[in-house]
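Enquirer: As a plain string of letters, each chain reads:
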Amino acid sequence: MDRDLNKLGFKCGVEIHQQLLTDKKLFCRCPAGLYSTEHHAEVLRHMRPTLSEMGVYDGCALMEFKTKKEIVYLLNKESVCTYDMDDTPPFPINEQALEIAIELALLCGCGVVDEMHIARKQYLDGSIPTGFQRTGIVGINGSIPFEGKKIGVSHFSIEEDACREVEDSGHFIHFRTDRLGMPLIEVVTEACFKSPEEAARGVRHIGRLLRASGKVRRGIGAVRQDVNVSIEGGRRVEIKGVPRYQLIPALTRIEALRQKALLEIRDELKRRKITQDSLKAVEEDITDVLRNSRSPILSDAIAKGHRIRAIKLVGLSGILNTPTQPGRMFSSELAGRVRVIACLDEIPNLFHTDNYPEYTRNHIDSRAIRLALKLGPQDVGVIVWGPEGDTITATAEIKNRIVEACDGVPCETRQHLRDGLTDFERILPGADRMYPDTDHPPVRIAAERVERIRNALPEPTYKIEERFRSYGIPEDAIADLALSPRIKLVDELARQKIDMKLVGRLMGQAVRSLGRQGISVDKIDDRTWIELATKLLSEKVPQKNYEPVLKAITADPALEISSLISSIKE
Amino acid sequence: MSDDDPYKGYREPALSLLKKSGAAVWDNVEIETVKGPFAGLILPRSTTEDAEHIVIKMASGYNTGVHVSSIKKIKKIGHREGHYAIPEKEFPYDKRKRNVTLLGTGGTIASRLDYKTGAVVPAFSPGELYGAVPELADVCNLTTKKLFGVFSENMGPEQYKALAEEIGRLIREGVHGIVIGHGTDTMHHTAAILSYMVQNPPVPIVLVGSQRSSDRPSSDAARNLLNSTFTAAHSDLAEIMVCMFGPTSDDYGLLHVGTRVRKMHSSYRSTFRTISDIPLAMVWPDRVVPLRACRKRRTDREVTINTAYDDRVTILYYYPGMNPDIVDALVDNGYHGIVIAGTGLGHVNAALNPALKRAIDAGVAVVMTVQTLWGYVHMNVYDTGRYLLELGIIPCENMIPEAAYMKLCWTLGQTRDLAKVREMMLTPIAHEITEREPHNGYLVYQGGIPEVERFLSTYKK
Numbered sequence: 000m001d002r003d004l005n006k007l008g009f010k011c012g013v014e015i016h017q018q019l020l021t022d023k024k025l026f027c028r029c030p031a032g033l034y035s036t037e038h039h040a041e042v043l044r045h046m047r048p049t050l051s052e053m054g055v056y057d058g059c060a061l062m063e064f065k066t067k068k069e070i071v072y073l074l075n076k077e078s079v080c081t082y083d084m085d086d087t088p089p090f091p092i093n094e095q096a097l098e099i100a101i102e103l104a105l106l107c108g109c110g111v112v113d114e115m116h117i118a119r120k121q122y123l124d125g126s127i128p129t130g131f132q133r134t135g136i137v138g139i140n141g142s143i144p145f146e147g148k149k150i151g152v153s154h155f156s157i158e159e160d161a162c163r164e165v166e167d168s169g170h171f172i173h174f175r176t177d178r179l180g181m182p183l184i185e186v187v188t189e190a191c192f193k194s195p196e197e198a199a200r201g202v203r204h205i206g207r208l209l210r211a212s213g214k215v216r217r218g219i220g221a222v223r224q225d226v227n228v229s230i231e232g233g234r235r236v237e238i239k240g241v242p243r244y245q246l247i248p249a250l251t252r253i254e255a256l257r258q259k260a261l262l263e264i265r266d267e268l269k270r271r272k273i274t275q276d277s278l279k280a281v282e283e284d285i286t287d288v289l290r291n292s293r294s295p296i297l298s299d300a301i302a303k304g305h306r307i308r309a310i311k312l313v314g315l316s317g318i319l320n321t322p323t324q325p326g327r328m329f330s331s332e333l334a335g336r337v338r339v340i341a342c343l344d345e346i347p348n349l350f351h352t353d354n355y356p357e358y359t360r361n362h363i364d365s366r367a368i369r370l371a372l373k374l375g376p377q378d379v380g381v382i383v384w385g386p387e388g389d390t391i392t393a394t395a396e397i398k399n400r401i402v403e404a405c406d407g408v409p410c411e412t413r414q415h416l417r418d419g420l421t422d423f424e425r426i427l428p429g430a431d432r433m434y435p436d437t438d439h440p441p442v443r444i445a446a447e448r449v450e451r452i453r454n455a456l457p458e459p460t461y462k463i464e465e466r467f468r469s470y471g472i473p474e475d476a477i478a479d480l481a482l483s484p485r486i487k488l489v490d491e492l493a494r495q496k497i498d499m500k501l502v503g504r505l506m507g508q509a510v511r512s513l514g515r516q517g518i519s520v521d522k523i524d525d526r527t528w529i530e531l532a533t534k535l536l537s538e539k540v541p542q543k544n545y546e547p548v549l550k551a552i553t554a555d556p557a558l559e560i561s562s563l564i565s566s567i568k569e
Numbered sequence: 000m001s002d003d004d005p006y007k008g009y010r011e012p013a014l015s016l017l018k019k020s021g022a023a024v025w026d027n028v029e030i031e032t033v034k035g036p037f038a039g040l041i042l043p044r045s046t047t048e049d050a051e052h053i054v055i056k057m058a059s060g061y062n063t064g065v066h067v068s069s070i071k072k073i074k075k076i077g078h079r080e081g082h083y084a085i086p087e088k089e090f091p092y093d094k095r096k097r098n099v100t101l102l103g104t105g106g107t108i109a110s111r112l113d114y115k116t117g118a119v120v121p122a123f124s125p126g127e128l129y130g131a132v133p134e135l136a137d138v139c140n141l142t143t144k145k146l147f148g149v150f151s152e153n154m155g156p157e158q159y160k161a162l163a164e165e166i167g168r169l170i171r172e173g174v175h176g177i178v179i180g181h182g183t184d185t186m187h188h189t190a191a192i193l194s195y196m197v198q199n200p201p202v203p204i205v206l207v208g209s210q211r212s213s214d215r216p217s218s219d220a221a222r223n224l225l226n227s228t229f230t231a232a233h234s235d236l237a238e239i240m241v242c243m244f245g246p247t248s249d250d251y252g253l254l255h256v257g258t259r260v261r262k263m264h265s266s267y268r269s270t271f272r273t274i275s276d277i278p279l280a281m282v283w284p285d286r287v288v289p290l291r292a293c294r295k296r297r298t299d300r301e302v303t304i305n306t307a308y309d310d311r312v313t314i315l316y317y318y319p320g321m322n323p324d325i326v327d328a329l330v331d332n333g334y335h336g337i338v339i340a341g342t343g344l345g346h347v348n349a350a351l352n353p354a355l356k357r358a359i360d361a362g363v364a365v366v367m368t369v370q371t372l373w374g375y376v377h378m379n380v381y382d383t384g385r386y387l388l389e390l391g392i393i394p395c396e397n398m399i400p401e402a403a404y405m406k407l408c409w410t411l412g413q414t415r416d417l418a419k420v421r422e423m424m425l426t427p428i429a430h431e432i433t434e435r436e437p438h439n440g441y442l443v444y445q446g447g448i449p450e451v452e453r454f455l456s457t458y459k460k
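Protein chains in written order, with numbering that gives the first Met the number 0: chain A, 0 to 569; chain B, 0 to 460.
Fair warning: there could be bad hints in the mix.
Claimed, not checked - Derived lysine-lysine pairs resembling DSSO-like cross-links, with alpha carbons at most 30 Å apart:
#1 LYS65(A) with LYS459(B)
#2 LYS522(A) with LYS539(A)
#3 LYS88(B) with LYS65(A)
#4 LYS462(A) with LYS34(B)
#5 LYS72(B) with LYS149(A)
#6 LYS88(B) with LYS67(A)
#7 LYS75(B) with LYS19(B)
By construction, these hints were calculated from the structure, which means they are not laboratory data.
The model shown is predicted, which means the values in this text are computed figures rather than measured ones.
Given these sequences and hints, build the entire structure.
Expert: Below, the structure is given as structure tokens:
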């Protein structure tokens, strides 16, 4: 399989988002990390696209404007201030956060910029009340040693986190603002991963490196990855917000194959001489034609006073049935656009004549659609239903998606679903959504400051792991030990020539097992650890007893180790 | 920084480095630095920032500053000039629609990036507005005229007079309504002075601005523009008004009387509030719902324009322990009028009395307002007040200090006779004094209290 992906020219890069462990948010003085499901007030907003600094509108912004969303923010008084509501300009950047960001940028081998310029990155989906995320590049040209190669870090930025989405239904979207504004760093790698598994290992590698600082947040949502995939002839597609690296192999593999399928569709359209310019599509409101439909979905729509609109795609017969992902066909690409842009989000949101759904007397409807659209044998008809304005948007977007199919793979941001499947989220935003933040002057990062931080950097995890491996510590204990507070202790035990297999089993495996039971060994001091390791070895205590011994010590630190070991041996 | 200077904003030492490298602003460059290669487009440098960094826009769209000491070599590889301009589209004309003129004075209702300061500056054109807010064409036929391009703090007598005269001209030409785009900081000053300079207009005159500039996706500019043009074209309210957000949410706007309105928060969208009264009306982009009675739209073209103005007037914000020499200094410097923002019902320390007497004897008009903003001057309640009245201080009822200031400037521009000044100050022209304060006029919520929290959780803020 991977050899096939290689042949396709699989390329993958990632953007790792990691929350920083700070007391306060990035541009205001609200507490960071205070999550709640309670709210005390609501604010309603709308978003409009604005120009980039270069005088251009961003395609993603224009797409999101079409959705005409009513955006509602749920405010909790503990975690929100007038900055988060976009009713106050930003305060000077949180120095604690910037300090951590510089440290992490250096850990990623980046050159730290001399002067950071805060930018506004437009997001019209409502996830940020301003309509943009404040973000700035801290470092560039980074490089992280990885499996005998290097992961190139093209840039490293600090930014404010977005709101948490609560509900997105029709033209209404609700967000909580507790996470909004929390400091976050983004590590953007080059497209250097050549296989899905390598990408997953690379993400784990970088994640561990960031954790080595001890200054990043842990837990659900504290780390999110955007995974970029392309194949030869395809385009960059971003799979947004992947929470765990374990999901990456399936997602990237399926995306690569989806791109392959889209390129085949492009070639088939070319064979049929259908191009962006020659594509013929006719739209029509056919509500009256289907007024007596026995389809529960269509009759329900008619009962609600909704309209049914059809689009005839000339010469596209069969195309919509082309498989693109496991269990999905090209028609799902159309459904994704209709769901997001026209806000017709009850699935199914379209039917088409090449695969018309089963229901009582469905053949009558199918024939009526064919007649109304004057479909020839080479054509396909698609119908959508909903409020009239939305159906007009929907058929226009279906046509847009076919136009893009003539060109192959559209640049998209896709959301991840179960089993490695993805669905459309938005058009991939580009550089044209960037605008300088006129509210915040550039931030000078003096060379002396960078050097001071560099001199106090923690040792990178990959170096610790390498050293531990050279000590002979078992592989499955290395990962835990390299992120534990006992790195110096392990070095000391190695210096004292204690059997490192035992150290690995004791301080790696047994400690991990206790951790799962919620028992911390952090109170055991270095002297006790050394004595314990020595005695366990000299008394030839079997490995299965390590855990009970540790448990007893954590329960009563005053225990005498020799007597403890002899009692366990008996 | 002239527009044709290829090194926009760059000064020594960055300037020499650029010249030596044969690179200038808008050039695509590769920069070799001690931190590795940087590639991007050289941007103008803000003149308020230091002279030691070269700013580039990288391919990602991010900007960054590279210190001259980090740079080993700059290589020019191309040129791409950025033009931040909203696409201009000709505003469609529909003879069935009403005609509204939008007068531009500056401010964030329409703004663009300024590289000199790195901040935003006013920009204004009909095509730009239509390009940015095409829904305007559904409301009216819009003509725009840029009178000045200044931030609101730079508005002054010259601009007030020009505005008033322009409004008179437009009314005589038959316009259905007038909108004035204005920076928000001194919008209520302009609204007040126009209320005296433009009397009994037959059509709505609406001042509008924005609290979030129009270069932001969440800007209030578009909605304010739609609300104000709708008011000008279709409402029945022949008053000088301010139209800004009611709540901070994108919901309704409020129409405030020009002499009763005040900016009450440094940054909130819903910063404008009617003081000691209720607003005139609520407005949405397609309807106006009146809240109280006011002067109605007329079909005649009559309006009184009186642009008198004397700028030798000041506001004296009283504080405990104020030294009388401040009043003396004002008199010695030739001031003709003093608006006191007094404490409570309109008081100052007795130590000021001799100085105030000297001022009035010297022919200076001294008027009293309250720094509580809400409520009337009542100088008969305490001896302090009675003594001040005896000195000849004019109690300005419930005029807010800024409205009293503008009225005194306007009055003194016509007469220095203190008896006449008193009569003119106390004869209301445009609601600057109202006879009755409604029971629901005064409303400053105290957050945190259960009943207010209940309200906040029920209605969108």
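Enquirer: Would you mind marking each hint as holding or not holding in the structure?
Expert: Going down the list of hints, with the structure as the test:
1. For the hint pairing LYS65(A) with LYS459(B), the CA-to-CA distance comes to about 24 Å; that is within 30 Å, so the pair holds.
2. Distance hint between LYS522(A) and LYS539(A) is fulfilled; the C-alpha atoms sit about 25 Å from each other, no more than 30 Å.
3. At most 30 Å may separate the alpha-carbon atoms for a hinted pair to count; LYS88(B) and LYS65(A) meet this at roughly 20 Å.
4. Distance restraint check for LYS462(A) and LYS34(B): the Cα-Cα separation of roughly 23 Å lies within the 30 Å cut-off, and the hinted pair is therefore satisfied.
5. Between LYS72(B) and LYS149(A) the CA atoms are separated by roughly 26 Å; this keeps the pair inside 30 Å, and the hint holds.
6. In summary, the hint linking LYS88(B) to LYS67(A) is supported, as the alpha carbons are separated by about 22 Å, within the 30 Å threshold.
7. Distance hint between LYS75(B) and LYS19(B) is fulfilled; the C-alpha atoms sit about 11 Å from each other, no more than 30 Å.
Of the numbered hints listed earlier, not one is contradicted by the structure.
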